[in-house]
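J.: Work out the full structure: start from the sequences and follow the hints.
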Amino acid sequence: MNPKTIAVAMSGGVDSSTVAAMLRAEGHNIIGLTMQLWNQRRLAGHDGMPEPVTGRCCSIDDVYDARRVAQHLGIPYYVVNHEERFERDVVRPFVAEYLSGRTPIPCSLCNNHLKFDQLHVVARQIGADSVATGHYARVEYDRDHERWLLKRPADHTKDQTYFLFGLTQEQLSRTLFPLGGMTKPEVRELARKHGLALAEKPDSQEICFVPGGDYKRFIDAYLAEAGESLPDTAGELVTTNGEVIGEHSGIHNFTVGQRKGLGVATGSPLYVIQINGAEKQVVVGGDEHLYSRTLRAHRVNLISVDELREPMRFAVKIRHRHEPAPATIEKTGDDEILVTFDQPQRAITPGQAAVFYDGDIVVGGGWIA
Amino acid sequence: MPRIYLDNNATTPVLPEVFEAMRPYFDEHFGNASSIHSHGQEARAAVENARESAAAMLGCFASEIVFTSGGTEADNLALAGLTREGDHIITSTIEHHAVLHACKHLEEIGCQVTCVPLDERGMVDPDDVRRALRPNTRLISIMMANNETGVLQPVEEIGNIAAEAEVYFHTDAVQAAGKIPIDVKRIGCHALSISGHKMHAPQGVGALYVRKGTKLQPLFYGGRHERSRRAGTENVPGIVGLGKAGELAMSGFERGDHRKMEALRDRLEQGILGQVEDAGVNGGKTLRVPNTTNIYFDHIDGEAMVIALDLKGLAVSTGAACSSGATEPSHVLIAMGLTPDRARASIRFSLGKQNTKEDIDFALALVPETGARLREISPVHPRQPVNAV
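Each protein sequence line maps, in turn, to chains G and W.
First residue of the first sequence? That's 1 in this note's numbering, and the numbers climb one at a time after it.
First residue of the second sequence? That's 1 in this note's numbering, and the numbers climb one at a time after it.
Derived by calculation from the structure, the hints in this document are not laboratory data.
Just so you know, not all the hints are guaranteed correct.
[Said to hold, decoys possible] Pairs of lysine to any residue residues, derived as SDA-like cross-links and limited to a Cα-Cα distance of at most 20 Å, are as follows:
| hint | chain 1 | residue 1 | chain 2 | residue 2 |
| --- | --- | --- | --- | --- |
| 1 | G | Lys4 | W | Lys312 |
| 2 | G | Lys331 | G | His298 |
| 3 | W | Lys285 | W | Ile180 |
| 4 | W | Lys104 | G | Arg42 |
| 5 | G | Lys158 | G | Gln205 |
| 6 | W | Lys312 | G | Asn29 |
| 7 | G | Lys4 | W | Leu311 |
| 8 | G | Lys280 | G | Arg42 |
| 9 | G | Lys216 | G | Gly285 |
| 10 | G | Lys193 | G | Ala25 |
| 11 | G | Lys4 | G | Gly74 |
| 12 | W | Lys260 | W | Leu364 |
| 13 | W | Lys312 | G | Gln258 |
| 14 | G | Lys260 | G | Gln281 |
| 15 | W | Lys312 | G | Lys216 |
| 16 | W | Lys312 | W | His258 |
| 17 | G | Lys280 | G | Gly246 |
| 18 | W | Lys260 | W | Pro181 |
| 19 | W | Lys312 | G | Asp232 |
| 20 | W | Lys312 | G | Ile75 |
| 21 | W | Lys312 | G | Val121 |
| 22 | G | Lys280 | G | Ala96 |
| 23 | G | Lys280 | G | Asp232 |
| 24 | W | Lys312 | G | Gly74 |
| 25 | W | Lys312 | G | Asp129 |
| 26 | G | Lys4 | W | Met1 |
| 27 | G | Lys4 | G | Ser130 |
| 28 | G | Lys158 | G | Arg42 |
| 29 | W | Lys215 | W | Gly271 |
| 30 | W | Lys312 | G | Arg41 |
| 31 | W | Lys104 | G | Arg41 |
| 32 | W | Lys104 | G | Glu225 |
| 33 | W | Lys215 | W | Gln203 |
[As the list claims (entries may be wrong)] Per the computed footprint, the stretches of chain G lying under chain W, defined by three or more beta-carbons under 8 Å from a beta-carbon of chain W, are:
| hint | stretch |
| --- | --- |
| 34 | 115-124 |
| 35 | 306-314 |
Since the structure is predicted, the reported quantities are computational estimates derived from the model, not experimental observations.
Quick reminder that beta carbons are idealized off the backbone N, C-alpha and C, glycines included.
T.: As structure tokens, this is what we get:
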């Protein structure tokens, strides 16, 4: 095996630390890099935001952990500052999406614009051939079709391909996912074997820049800090028949499928069916109204195929915790794909991604309009 | 792989002579300088000898030197020690955080602070300082040499302004001490901060010159050390190291070492500018300390450049490190009027006494080539199509 120079994106968690240890043990030249993306102290304590919390991405504690792992492994390690780009390409759009009535996925934006873009540029500039991360996914080269493939990992419970559908061929060609064939317990075991002190560190679950997961407070605090006032997105609560049954405090407080916090009492349970950004209307209805067979996706990225020349049959996943469902997908415009499910799906949510799977292979995906 | 260090404005190696001078004070002469027995007396003699050396370096009386834990403490002691609630302080946008953040704190507890701007050469305009004076101005604090550009500030003129207005003048001389001769009388300051580790003494020791008769409130309370201006058992080995480094600096000035260092710095600067397009010196149009050059390489990510150079054995820096170790665009370069892009594309090279012509040639062999590779891969380089990666 020829030793390669590999940059490892180290978050200070078990997964990426284990990747660094594995690749180091294989004899590669490893450079540890941590992206400083968000100052966790920035909004802490503002407008009801929690005080700084430890154990999350970009916290001083996580950088400390990553640095200690690098020292333990004897690899060069650097922190690179991409706060400005993160704010521009992830945080701003996250806020804007909510304010226009959609439910964003900041992790995908971060992967597309930061981890597999900015970090790849830095890695190449400092002489690395490729970038390895601790994502649970697999990359393979398909010689027959001359395409790089993104595939689901061996451990489907940890599958992160949903957040990676935006990767280009160029990005995939320089990416390594060494954990793709492993389960989480195996990774922890390997971390212990490599003597990593953080082998038992709990997984992070939340959006890294929204401590406590309260995105509404985050939006308030973020806009207040920027000196911008929260746009007035309050409006009417209407039924699927168009009947006005109340008022709501702002469309960004709602997401499709939400049941709690509607502020109206009715006999049967009501859910948010649709958010109409232009009219600031929140449409509510019974569970049966949540089901729908079609969606349109934009800003499409294709991975295993270069073009959708005809309607094709794939399984489509519409949120992170959704079992891919059989559907027909067809190109209906320059940058638009129509997905028609065999069975109606519950709570198709604008702003989330629709990712197309052919077995374990990620065909591509787009953003739900 | 050879490892060449050109980041001496961050810290310097302790010179062998300094290390040797300090060595006996860890074990053989370990005494507490306040003790009355012979162990204590040895330590006391060492501290007072060092005080005289430091005083000689600054052109003041030994009794005017207060040893501290470093430059940050010296700055804090001067700022908090010379002002009271309700006072007005004049400082500049390019001060070290030791001054800026101390001023911010004083503002929070009832002082008023004016930050004067910079011109495009990287200098404070003394007229701005004069115009900022108010009836309740108590203190002017303007640094002597900037840490990032090396630009010398017009401290003598500011000293005159302070004298006319009868206000205190403090200067943070951390980046000047050991690099150029300093004379507190010519500057006309009431207080002046220095740091050991920026001049080949160890980390953890510094000093504040406080002009005789200047009433200074201590920062903290304890024993009557340092004439009740700085409580706490003296860091004897560190103080000895600072004294020795001061002596070496003085003899170096007599030999003209600072001129030789300037020639090396200029060789580096000219060599880089001769080989790299779209590069230039930040603050190069005015007087600078002889060891520093700050160079912008347009369309380059300075942070990536620093990492790439480090991986090839050359240590330089960009901007200021934040708590995580990531870098932020330099507030100094932004204050000079650089665009954020150019500030991020700027690299500081700072020489120390240990650097040789070979070190400079090593850098000259590495920097242009590394810069070219970074530009090739740069997504912002205008001659390259925007890369989809």
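J.: What hints, given by number in increasing order, does this structure fail?
T.: 8, 9, 13, 15, 16, 19, 28, 29, 30, 33, 35
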